[in-house]
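**Q** Sequence lines, in order, name chains A and B.
At position 109 of the first sequence (counting the first as 1) the number is 109 in this note's numbering, and the numbers step up by one without a gap.
At position 150 of the second sequence (counting the first as 1) the number is 150 in this note's numbering, and the numbers step up by one without a gap.
Some hints here could point you the wrong way.
What the hints assert, rightly or not - Straight-line Cα separation of at most 20 Å, EDC-like style, residue types lysine to aspartate or glutamate; simulated pairs:
| no. | chain 1 | residue 1 | chain 2 | residue 2 |
| --- | --- | --- | --- | --- |
| 1 | A | K204 | B | E104 |
| 2 | B | K196 | A | D46 |
| 3 | A | K338 | A | E250 |
| 4 | B | K204 | A | E54 |
| 5 | B | K204 | A | D46 |
| 6 | A | K196 | B | D46 |
| 7 | B | K204 | A | E201 |
| 8 | A | K204 | B | E201 |
These aren't lab readings, by the way, just hints derived from the structure by calculation.
Everything numeric in this text was worked out from a predicted model, so none of it was measured.
There are 2 protein chains.
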Amino acid sequence: MFDTIVIGAGYAGLVLAERLASQQNEQVLVIEQRRHIGGNAYDRFDTNGVLIHEYGPHIFHTRSKEVWDYLSLFTNWHYYEHKVLAKVDGKEVPIPFNLNTIEEVFTPALAHRMQQKLVDLLGYNVKVPILKLKEQDDEDLKFLANYVYEKVFLNYTLKQWGIGPEELDPTVTARVPVYISRDDRYFQDEYQGLPKFGYTEMFKAMSDHPNIHMLMNTRYQDIMDIGEEGNRLFGQFFEGKIIYTGMIDELFGFCFGELPYRSLRFEYDTYDTEYKQSVGQLNSPNSYDFTRITEFKHLTGQQHPKTTLAREYPQAYRSGENTAYYPIIAEENQKRYKQYKKRAATLHNVHLVGRLAEYKYYNMDAVVATALKLYAKLQHK
Amino acid sequence: MFDTIVIGAGYAGLVLAERLASQQNEQVLVIEQRRHIGGNAYDRFDTNGVLIHEYGPHIFHTRSKEVWDYLSLFTNWHYYEHKVLAKVDGKEVPIPFNLNTIEEVFTPALAHRMQQKLVDLLGYNVKVPILKLKEQDDEDLKFLANYVYEKVFLNYTLKQWGIGPEELDPTVTARVPVYISRDDRYFQDEYQGLPKFGYTEMFKAMSDHPNIHMLMNTRYQDIMDIGEEGNRLFGQFFEGKIIYTGMIDELFGFCFGELPYRSLRFEYDTYDTEYKQSVGQLNSPNSYDFTRITEFKHLTGQQHPKTTLAREYPQAYRSGENTAYYPIIAEENQKRYKQYKKRAATLHNVHLVGRLAEYKYYNMDAVVATALKLYAKLQHK
Chain A
1 MFDTIVIGAG
11 YAGLVLAERL
21 ASQQNEQVLV
31 IEQRRHIGGN
41 AYDRFDTNGV
51 LIHEYGPHIF
61 HTRSKEVWDY
71 LSLFTNWHYY
81 EHKVLAKVDG
91 KEVPIPFNLN
101 TIEEVFTPAL
111 AHRMQQKLVD
121 LLGYNVKVPI
131 LKLKEQDDED
141 LKFLANYVYE
151 KVFLNYTLKQ
161 WGIGPEELDP
171 TVTARVPVYI
181 SRDDRYFQDE
191 YQGLPKFGYT
201 EMFKAMSDHP
211 NIHMLMNTRY
221 QDIMDIGEEG
231 NRLFGQFFEG
241 KIIYTGMIDE
251 LFGFCFGELP
261 YRSLRFEYDT
271 YDTEYKQSVG
281 QLNSPNSYDF
291 TRITEFKHLT
301 GQQHPKTTLA
311 REYPQAYRSG
321 ENTAYYPIIA
331 EENQKRYKQY
341 KKRAATLHNV
351 HLVGRLAEYK
361 YYNMDAVVAT
371 ALKLYAKLQH
381 K
Chain B
1 MFDTIVIGAG
11 YAGLVLAERL
21 ASQQNEQVLV
31 IEQRRHIGGN
41 AYDRFDTNGV
51 LIHEYGPHIF
61 HTRSKEVWDY
71 LSLFTNWHYY
81 EHKVLAKVDG
91 KEVPIPFNLN
101 TIEEVFTPAL
111 AHRMQQKLVD
121 LLGYNVKVPI
131 LKLKEQDDED
141 LKFLANYVYE
151 KVFLNYTLKQ
161 WGIGPEELDP
171 TVTARVPVYI
181 SRDDRYFQDE
191 YQGLPKFGYT
201 EMFKAMSDHP
211 NIHMLMNTRY
221 QDIMDIGEEG
231 NRLFGQFFEG
241 KIIYTGMIDE
251 LFGFCFGELP
261 YRSLRFEYDT
271 YDTEYKQSVG
281 QLNSPNSYDF
291 TRITEFKHLT
301 GQQHPKTTLA
311 REYPQAYRSG
321 ENTAYYPIIA
331 EENQKRYKQY
341 KKRAATLHNV
351 HLVGRLAEYK
361 YYNMDAVVAT
371 ALKLYAKLQH
381 K
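Chain A extracted, bound-state conformation (with noise of 0.2 Å):
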């Protein structure tokens, strides 16, 4: 009956799930334990009729042609570059903090000095991630480094990971660099943009196929067992492929314990006005207890009179309670993990693919880039 068996209707499911059909002629089932597709992607009209992200904003970016060109298959973009502003000082300064950010900040002669030593020592236009700078030795730019550090950077980390920056992975606080540039973007990939009529019309696109089938509102576990003795479905064993793009420890009843995510909650509120502020993000490094205020209609470019922002406030993850957001990448939890990706690969043509399965904190385009990988490998099979 069905040739294969997705778990999970996020980006890395639905990508597998739409190759499989339209380029294999396969019939694939996609059980999904929420109401509705795209993961933490999907995107609804609100009450109001303003285009909200109901996981927190999402933004694609990404340098490859191929994702690019992949999603591209199935919607229109919005051309949209993120710029992100931060309050400092009472200020909302360019972020992430840039030549123009110093200018900003400081008095011009210091502010002209920092520029000078951060071309002249480390060059134009290179991202140095701020743990980094905290280690030059020239007195201007560890100054700058403290204080990027204090007002932007630590109290930020602490409020999204609730644990301090030297605990987490260098390529996480690596997120938060001091950009040697004029450039005021969040992000400098060559393709950037939102899908002209939303993610989720675009994840409909995606599995708009009538080999694709989609049980909604279903744990796999009711239906299913997967394990070293093989794979059931509905009682039968089921000889086809699985993509599992689930938890990985949920997947062997949490054996070698449960896997940390931070998760996030968002307070909304909508007002009668076009636009409340300039940009589409302004983050709160230092005060109160959310981290950022989104307002979607500068992601969406969406037209209308009212606007919804959102305030987002990091939270634990508690299974079953809230929603798994981010896994920490953190030592002790990447050997556990390693733990549970031994046990996956005694599975039998079970693969795991995505942010939760592999426990990685993949952007929406690594994450598609990962799936049509998978695809690639699967056909050479």
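Could you slot chain B onto chain A? The hints should help.
**A** Showing chain B alone in chain A's frame:
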């Protein structure tokens, strides 16, 4: 695994699924061939953010407190009473044709006489089917009847049904009466309104139960066998109930021939203005090929700077090509339906309910009432 399989996620199917899941703690699998729930009552935001009814205007109205209270479990209401104008002799006049319409169309003396005679001969606050009115002896009323017949009824009916009024069942043609009243509302039911945030949100709330599993984009035939020898799901005997809300002729491979339906095609226009019409529905009985223009914001109550309207073109239903809307209630078709109905009685544990399964021109409230009745019946078994 599943106690009940519901085929079709429209009103009939979702009422049964909801009751069985929430009241009987049954595990329910709902199979739906479309990508969305709600059947033809499905609504969605268009690309301008205007809430539209994808399958034509749906205005909920009922005299049944039970039905109203039941749906109110899943939605609040936008209290809306439908008003319709028809373009007659270049003027927009209230429909159903009533005492006010008479004043707008005829000279004062003639109008006054007609009003008097209608009230005297037929009573106040009475709806008289136009075909009934034509049988009146009085000259003025005959004139009125012929006028309404020609200007409002005949061509509209021909467009709507593709056949003449004499071929249609009186219950269908009675939907266009002359109303002896000054009440300009299209419906007089005690309870009228639209789900506050749309039909789709109401259906989502109905199906939002952990016992309800939705298999979308899947034809039941692809995974089930339903027949006199028993029913199978994924090749295994299925002992539970089946609620079938699809077309009854399809269930038996059209063995007695196809039951005909009328279909519709919509053309949408969005304007950069708040409102385009003074009411939600403007009928075009004699001009153009469309029957009516719906301006959704009047119905939904949405506040938006733009407005979307749909022109409605009736057309023949062709299986696999367009959507079935209205069963064509005519003698020959009823005979054919009865053949199918007889055959359906031989099935095991299969219950047919809804517009398509019963080949009935149900209003929304009537199908809810019927589904609730079936639910009650199932409890007494």
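**Q** Decide, hint by hint, whether the structure agrees.
**A** Tested hints:
Distance check on the hinted pair: K204(A) and E104(B) sit about 49 Å apart at the alpha-carbon level, beyond 20 Å; violated. Between K196(B) and D46(A), the direct Cα distance comes to roughly 13 Å. Compliance with the 20 Å bound is thereby established for this hinted pair. About 14 Å separates the Cα atoms of K338(A) and E250(A), which keeps this hinted pair within 20 Å; it holds. A hinted pair counts as satisfied when its Cα atoms are at most 20 Å apart, and K204(B) with E54(A) qualifies at roughly 16 Å.
Distance hint between K204(B) and D46(A) is fulfilled; the C-alpha atoms sit about 14 Å from each other, no more than 20 Å. This hinted pair checks out: K196(A) and D46(B) have alpha carbons roughly 13 Å apart, not beyond 20 Å. With a C-alpha separation of about 18 Å, the suggested pair K204(B) and E201(A) falls inside the 20 Å cut-off, and the hint holds. Proximity of K204(A) to E201(B) is assessed by CA-CA distance (about 18 Å); at most 20 Å being required, the pair is judged to hold.
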